[in-house]
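Trainee: In my numbering, the protein residues as written are 498 to 722.
Source of the hints: derived by calculation from the structure; they are not laboratory data. Just to be clear, a hint being listed does not mean it is correct.
[Said to hold, decoys possible] Dumping the calculated DSS-like pairs for lysine-lysine here, alpha-carbon to alpha-carbon at most 30 Å:
#, residue 1, residue 2
1, Lys-649, Lys-619
2, Lys-662, Lys-518
3, Lys-680, Lys-651
4, Lys-629, Lys-692
5, Lys-679, Lys-619
6, Lys-648, Lys-679
[To be verified] Ranges of calculated distance between the beta carbons of each label pair, as one might list FRET restraints:
#, residue 1, residue 2, range
7, Gly-678, Arg-519, 30 to 36 Å
8, Leu-523, Lys-619, 28 to 34 Å
9, Asp-525, Lys-648, 21 to 27 Å
Every residue, glycine too, gets a C-beta built ideally from N, C-alpha and C.
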Amino acid sequence: MARPEFIDGGIYHIYNRGTDKRDIFLDDQDYFRFIHYLYACNDVEPLEKIENLIIGDPISGIRGRERLVSIFCYALLPNHFHLLIQQRKEGGVSKFMQKLSIGYTMYFNVRNERTGVLFQGKFKSKFVDDEKYLETLVNYIHLNPLDIFQKKWKENGVKDYASAKNFLEEYRWSSYLDYIGKKNLPSLLDFVAIKENLGDTIEHKDTLNHLLKDYGDGIAGLLLD
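Let the sequences and hints guide you as you build the complete structure.
Mentor: Right, here's the structure in full:
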C-alpha cells in the first residue's frame with residue numbers, strides 16, 4: 498500500500514511499535530535518546546549534521562532552525578510510541594520520521610549489539626480531519642501510559658482514580674506534563690501551533706481528569722486501536 502501524501506499544515510497521528518511487539522525502550526537512557534531524536538531530527542539538515550544538538554529552550558522559542566513538523570503531543574511506552582504532529586515543510590512528516598526511525602534504530606542496535614529492523618514496518622499514520630478528533634487524539638495519547646499502570650483499563654475502567662491521576666502526572670515519557678505545566682524535560686512542543694488548533698492546554702487537564710472519573714462512554718470513545 499502506497500504511503501499517503503502528507504500535506505502542509507495537515508495534522509497526523511503517527512504511531513509504531515517494536516517488531517514482533519518487542520520492547521524498543523529498555524531503560525531511561527533509551528527514552529532520553531528517543532526524545533533527543535524528536536528534537537534533533539526536526540530539522541531540514543541531514544541527520545549526521547544535527548544528531549549532536551543539545552535540547553535547550555522550547556523549540557517554539559529557538560531561532561535559526563527550520564523545523565519539519567510541529568509537535569503537538571507524544572507518549573512513549575516500552576514497546577510503542579504515539580506522536581501527534583503537524584507538517585510545516587513539504588515532505589516534512591516523511592523526512593522527520595525517516596530520520597527518527599533510522600537514528601534511533603542505529604543507536605539501539607549499537608547499544609544492544611544487535612542488527613536488523615527494530616520497528617514493525619513503516620510507521621502508521623492517520624490524518625486528523627476535524628477539531629473533535631484532534632481533541633480526542635490528545636486525550637487518547639496522554640492516557641496511553643495507563644497501560645503500564647493498569648492492564649485492560651480501557652475495557653474495565655480505571656479502578657483507582659487518585660492513583661491513576663498521580664501516575665499520569667509523574668510519568669516522564671509523555672508530553673502530558675508539558676500540558677499541565679509541570680517541570681520535566683525541556684519541552685519539544687510548539688505551543689503556538691497547539692493554541693491555534695486546540696486552545697488552552699490547561700483545559701486539557703480538566704478534560705482528562707473528567708475522563709478518568711467518568712470512564713464509561715468517555716473512555717470508550719478513545720478506543721482507536
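Trainee: Could you run down the list of hints and mark each one as holding or not?
Mentor: A quick look at each hint next to the structure:
With a C-alpha separation of about 27 Å, the suggested pair Lys-649 and Lys-619 falls inside the 30 Å cut-off, and the hint holds. Pair hint Lys-662 plus Lys-518 holds up; C-alpha atoms about 27 Å apart against a cutoff of 30 Å. Distance hint between Lys-680 and Lys-651 is fulfilled; the C-alpha atoms sit about 28 Å from each other, no more than 30 Å. Restraint check for Lys-629 and Lys-692: the C-alpha separation of about 15 Å stays at or below 30 Å, so the hint holds.
A threshold of 30 Å between alpha carbons decides the hint, and for Lys-679 with Lys-619 the separation of about 33 Å lies outside it, so the pair is violated. For the hint pairing Lys-648 with Lys-679, the CA-to-CA distance comes to about 26 Å; that is within 30 Å, so the pair holds. The hinted window of 30 to 36 Å between Gly-678 and Arg-519 holds, with their beta carbons roughly 35 Å apart. A hinted range of 28 to 34 Å is violated for the C-beta pair Leu-523 and Lys-619, which are about 23 Å apart.
Range check, Asp-525 to Lys-648: about 22 Å between beta-carbon atoms, so the 21 to 27 Å window is met.
Checked against the numbered hints given earlier, the structure breaks hints 5, 8 and satisfies all the rest.
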